[in-house]
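Given the sequences, and given the hints that come with them, work out the whole structure.
Here the protein sequences come in this chain order: A and B. Just so you know, the first sequence maps onto residues 25 to 338 in the working numbering. Just so you know, the second sequence maps onto residues 2 to 237 in the working numbering.
Simulated from the structure, these hints should not be mistaken for lab results. Ideal placement from N, C-alpha and C gives every residue a C-beta, glycine not left out. Some hints here could point you the wrong way.
Chain A stretches covered by chain B per the calculated footprint, using a threshold of three residues with CB under 8 Å from any CB of chain B [claimed, not checked]: (1) 44-53; (2) 70-81; (3) 91-99; (4) 116-125.
Some chain B residues judged to face chain A by a derived CB distance under 7 Å, without partners named [to be verified]: (5) LYS11; (6) SER15; (7) ASP18; (8) VAL21; (9) ASN202.
Each computed DSS-like pair below joins lysine-lysine, with the alpha-carbon atoms no more than 25 Å apart [what the hints assert, rightly or not]: (10) LYS266(A) with LYS232(A); (11) LYS99(A) with LYS235(B); (12) LYS99(A) with LYS93(B); (13) LYS318(A) with LYS295(A); (14) LYS98(A) with LYS235(B); (15) LYS98(A) with LYS10(B); (16) LYS98(A) with LYS178(B); (17) LYS76(B) with LYS99(A); (18) LYS232(A) with LYS138(A); (19) LYS318(A) with LYS287(A).
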Amino acid sequence: MISVQNLTKYYGTSLAVDNISFDIAKGTVVGFLGPNGAGKSTTVRIITCYLAPTSGTVQVDDNDVMTESLEVRKKIGYLPESAPLYYDMNVVDHIKFVQSMRQGSAVSNGHRVKEVIDICGLGGVIRKNVAELSKGYRQRLGLAQALVHDPEILILDEPTVGLDPNQIIEIRNLITELGKEKTIILCSHILPEVEATCGRVLIINEGKIVADGTPAELQSSFEGKGRIIIQAKNNLDPFIEKSTQIAGIERIVQTRTITENLKEIDFETVKGIDPREDIFRLCIENQTVLLEMKREETSLEDIFRQLTGKEQLQ
Amino acid sequence: MNQILVLAKKEFRSYFDSPVAYVVITLFLIIAGWQFSSTMFLNNTADLRALFSITKFILLFFIPAVSMRLFSEEKRGGTLEILMTLPVKDWKLVMGKFLAAYALILVTLVLTGIHYISISSMGNPDFGASMGGYIGLALVVGVYLSIGIFTSSLTENQIVAFIMAFVIIFIFFMLDKLVFLMPGFLANILEFLSIDYHYNNISRGVIDSRNLIYYFSMIFMFLFLTVQVLESRKWK
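Put into structure tokens, the structure is as follows:
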């Protein structure tokens, strides 16, 4: 449905998008994940025909964004970053304006306007001016104007920035709901958001795609050294000594003394071997009481950090 | 109604949803009315010539004030991104905004018709010359506005847009006042480029195609440049 080939974009001399290619199939929800300034917004601005690529092609349903831009724009609903809106209009007029511009006639389709107001939960504020709306309602109005022509493709650039946790959940549920019938591109730097809503994740860093796959695929392909954390008591010193000889245990990362007799031991494990059974047997052999054992897998967050080298994440 | 008119209607309304329209109309009528009526009895002629010459001058300030927000505001607020990703051609956006601002100024000009009525009660103003004056003014407004919309597309700062528009309009306004300094051939060119020179012809009631071509090509040129500026974001 969306096909991007060798897309490159320079702003002056600075490179924003560096020769990326990908295809998005109809009906998928794709997350563009990356730190701020990675090139996510630039990429979607090119897909929505706001900017032109320096080189490379972007096609939406076989229509090129440069030569058949109007056709492409008809198919896409777009919520730009930080939801820019006309502050002097009220909510219902705003939706009607975008609808009229899209269909080129002032006779508005009131049925559809009412529908998007319901979908986006704007019912209580339809006569309010945009300037008076809270950030959450502005995002919803931004979404409503993107949805008003019932587009096949929905592109949302950081739709939950600045919202409180309840509003974030609402918007996410809405995206999941819409994702059942539409192709959606969701730009975000918030991992749980992408993990929760997207069937496919493209991790973008410094203008390049550094990973591509379902959240589960990414997790398994990047699964490196796992962790096993146990809490055990009695007879610990010999246990710790012997435990390092278990196949699959690389080393002890740290031991933490909880009470005199109770310790938490953090093992690093070798990829592909599950030593939990052996740990349990050793406990019995050694008459150590095992109180807790848990395995931690590499999270998407670890992968993201590994790939983008950025520490601060929400 | 097509996209141009939908946009024009929205822009026209937004002038009236904000203080802009009321401030412009009120101040314009006060200044023009005061300047005109204070000399009306001194001139002792029943015509609107004094009104037109003062109006041309006041519009020099008012039109950049009306046009400065048209694209600057959209750039600053980011709404340009919404507008330009709608399936609408760039020239239609420019036309829509141009027509909205034009309509606001024309409404203001129509309101000055009150002076025609008042002098009609005292004398016999020449209807043809008055109409010629208004037609000339409407054309001048078109040129001023196309310059204003052009400078508005260049910057996201409304003040900068205002000043640039004022300076460009002022240059075109002053050209024919400088011709006596110039050698003959240059004088002819400057005169032809001057907004006022063509206005003076039309306001005498003589509408020559040369004058019309001048106005329409000026308007077309600046609107065309505006479209080019908007499209420049798509240059590689």
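### Task
Decide if the proposed pair is consistent with the structure: LYS99(A) and LYS235(B), CA atoms, cutoff 25 Å inclusive.
holds, 20 Å
### Task
Please work out if LYS99(A) and LYS93(B) have their alpha carbons no farther apart than 25 Å.
holds, 20 Å
### Message
Closer than 8 Å Cβ to Cβ for three or more residues is the test here. Does the segment 91-99 of chain A pass it with chain B?
### Response
Our answer is that it holds, as 4 residues pass the Cβ test (under 8 Å) against chain B, meeting three.
### Query
Any CB of chain A closer than 7 Å to the CB of LYS11(B)?
Because about 5 Å separates LYS11(B) from the closest Cβ in chain A, which is inside the 7 Å limit, the hint holds.
### Message
For LYS266(A) and LYS232(A), compute the direct alpha-carbon distance and say whether it is at most 25 Å.
### Response
violated, 46 Å
### Message
Interface hint check: ASP18(B), Cβ to nearest Cβ on chain A, cutoff 7 Å. Holds or violated?
### Response
ASP18(B) check passes; min Cβ-Cβ to chain A is 5 Å, inside 7 Å.
### Task
Below or equal to 25 Å on CA atoms is what counts here, so check LYS318(A) against LYS295(A).
Within the cut-off at roughly 16 Å; holds.
### Query
How about VAL21(B): closest beta carbon in chain A under 7 Å, or not?
The hint is violated - VAL21(B) has no Cβ within 7 Å of chain A, the shortest such distance being about 10 Å.
### Hinted pair LYS318(A) and LYS287(A), Cα distance within 25 Å
Given that 25 Å is the threshold and the Cα spacing comes to 14 Å, the pair holds.
### Query
Are the Cα positions of LYS76(B) and LYS99(A) separated by 25 Å at most?
holds, 24 Å
### Query
Does LYS98(A) pair with LYS235(B) here, judged by a C-alpha cut-off of 25 Å?
holds, 18 Å
### Interface hint status, ASN202(B) versus chain A (Cβ within 7 Å)
Violated - the Cβ of ASN202(B) stays beyond 7 Å from chain A, reaching only about 39 Å at its closest.
The structure fails to meet hints 1, 8, 9, 10, 16, 18 from the earlier list, while all remaining hints are met.
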